[in-house]
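Participant: Read off the chains here:
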Amino acid sequence: MLKYAAKRLALIFPILLGVSMLSFSLMHLIPGDPAEILFRQRGAIPTPEAVEEFRTELGMSEPLPIQYLNWLYGLLHGDMGRSISVNYGKPVLSEIMLRFPATLKLAVSSLLVSLLISLPLGILSAIRPNSLVDYLVLAGTSFGTAIPSFWLGLILMLYFSVHLGWLPVFGYGGIDHIILPSATLGVGMAALTTRLVRSSMLEVLRQEYITTARAKGLSERTIITKHALKNALIPVATVAGLQFGWLLEGAVFVEVIFNRPGIGKLLVDSISSRDIPVVQGCVLFIAFVFVLTNLLIDISYALFDPRVRYD
Amino acid sequence: MIEDAFQELGANRSALLGTIILATFLFVALFAPYIAPHDPTDQSLKNRLSPMSSEYPLGTDHLGRCILSRLIYGARISLPIGVIIAGTAFVIGVIIGTISGYFGGIIDQILMRLVDLLLAFPGLILALAIIASFGPGLSNAIMALVATGWTSYARMVRGSVLSVKEKEFVDGVRALGAGDFYIVMHHIIPNVVSPVIPMAMMGMGYAILAIAGLSFLGLGVQPPAPEWGTMLNDGRIYMKSAPQLMMLPGMAIMLTVLSFNLVGDALRDAFDPKKKDKIASAMDVKR
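So the sequences go chain by chain: V and P. Heads up, the first sequence is in this note's numbering, so the first residue is 1 and it goes up one at a time. Heads up, the second sequence is in this note's numbering, so the first residue is 1 and it goes up one at a time.
These are computed hints drawn from the structure, not numbers from a lab. Errors might be hidden in some of the hints.
[Unchecked claim] To give an idea of the interface, some chain V residues facing chain P are shown, with a C-beta separation under 10 Å as derived from the structure: (1) 28; (2) 147; (3) 150; (4) 152; (5) 162; (6) 164; (7) 218; (8) 222; (9) 245; (10) 252; (11) 267; (12) 279; (13) 286.
Every residue, glycine too, gets a C-beta built ideally from N, C-alpha and C.
With the hints as constraints, model all of the structure from the sequences given.
Facilitator: Have a look at this one:
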């Protein structure tokens, strides 16, 4: 087990290195001279001398591999560069850390919403396959996966905030501010999870140990909650990593719609203002969190499921 | 028995529904100039935000443009974009997955590490990063979604190629003197594409959703083009006074994505070997 964890941990270093290279090269994919573009963005008229001076100031006169190593060195010391636009001069990392809690809260509460919806519905439709309830649940999941989160968010906002006035339209702070955003994301996620819970529950209920449990005279309730559910949740847990990536993507839209100061909104804002260092930082940070989460999920999966053996 | 029949019927029904919706959107997209009552970009400032009328069946937007015509022309933008993105990603994925699986060795290593790297980012986030460096706009958005979209096809195809290339018939064809290219084109690819076709179908739905999302953020299709995501974004300021401005484009996106998903689901079931017997017997009955 420990060996597996160590192996899995060692595997992420090349990935993280690749992630950093890709994020770094983004800055240099820009058509044209990055130094000149950055210079223009500061509202200055680019004379060749001034651009050259600016280039040296940014460390851009070195060859690319050296620039990358310098940047990587900075990165390992927590220096992601500085914002060159709206928050001019502020360190990128502190801008990100300022906003990450909002995104994390959104992700966790959306996950809760999703589980609250998908567990009961998935179980219900699995124990009554091909019933009316099952069809309704399946139809619901079809719509749920097709509904654009940016549309659902606006509909919820229109109904609950504008018409009923129960919840604030947007902003950040108390519990009431997170209800609609997490409902928006949670519903979309629940559509995927419900299907998974249903199919894996169906699979488990066909197993022989369930028949044994029934033969033993256990109540259906005990069978479902004590014997079936635990095993049915394993496949659900394996896709948790993918779903987390899905949450991070969805957070971009939800944060923009509800004006939540999270990392997704920061990313979109910096794309609009062409604040490349912040974009670079956000992308790198999100990928980093995504890779680490997947690592933790993989390791805990091996830890909790004794049948899984990795050699 | 009865339950099975029910299940089949349910599956067929949703496939039928998906096909009908999709066919409707295709029809609308093809014949947009004949169906739409107005030019989708024609502004009529004295008719701004007007309600439904015989002249404007679904009312007008904030610039006095006919909403119905814009929705109709929207299908002309979204459907081809979805097909282009998913189609290109599919072709790239099949080619790379086949090369990787068939030749193996160092080529396989390099290609699969590239896939691992791209999958280390949530797809849309990487697409956003690419758009950030190349600039907003439709062609860059398409490129970004293709660049991040081909990986899952490649992985899947590679896996199938690995198992197919060990089959005896491949040895047989090789013994007959067939070259690598011939074997790949005539014997490997036909045997590995069927499971990825449903994926491509759902990929089209996802691509339409993603382009609408990027356009909603102002990073995809640019105004005044009547694209659904752009319309949704334009309409959200007027959500209180004219909710139809945001409701209708969202509905169009959802129905299109839904139809691709339903058809994709049905195709996946049809290609699923576990269900093959059932379908084969159903076909016998028809004969």
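Participant: Each hint: holds or not?
Facilitator: Consistency of the hints with the structure:
1. 28: Since the shortest Cβ distance to chain P is 8 Å, the answer is holds.
2. 147: Hint on residue 147 (chain V): holds, closest Cβ of chain P at ~5 Å, below 10 Å.
3. 150: Residue 150 (chain V) check passes; min Cβ-Cβ to chain P is 5 Å, inside 10 Å.
4. 152: Nearest chain P Cβ about 8 Å off; hint holds.
5. 162: holds, 5 Å
6. 164: violated, 13 Å
7. 218: At 24 Å from the nearest chain P Cβ, residue 218 (chain V) fails the 10 Å test, so the hint is violated.
8. 222: Not OK, violated: residue 222 (chain V) not within 10 Å of chain P, min 25 Å.
9. 245: Nearest chain P Cβ about 4 Å off; hint holds.
10. 252: At 7 Å from the nearest chain P Cβ, residue 252 (chain V) passes the 10 Å test, so the hint holds.
11. 267: holds, 6 Å
12. 279: Holds, because the Cβ-Cβ distance from residue 279 (chain V) to chain P comes to roughly 4 Å (cut-off 10 Å).
13. 286: holds, 5 Å
In the structure shown, a violation is registered for the earlier hints numbered 6, 7 and 8, in ascending order.
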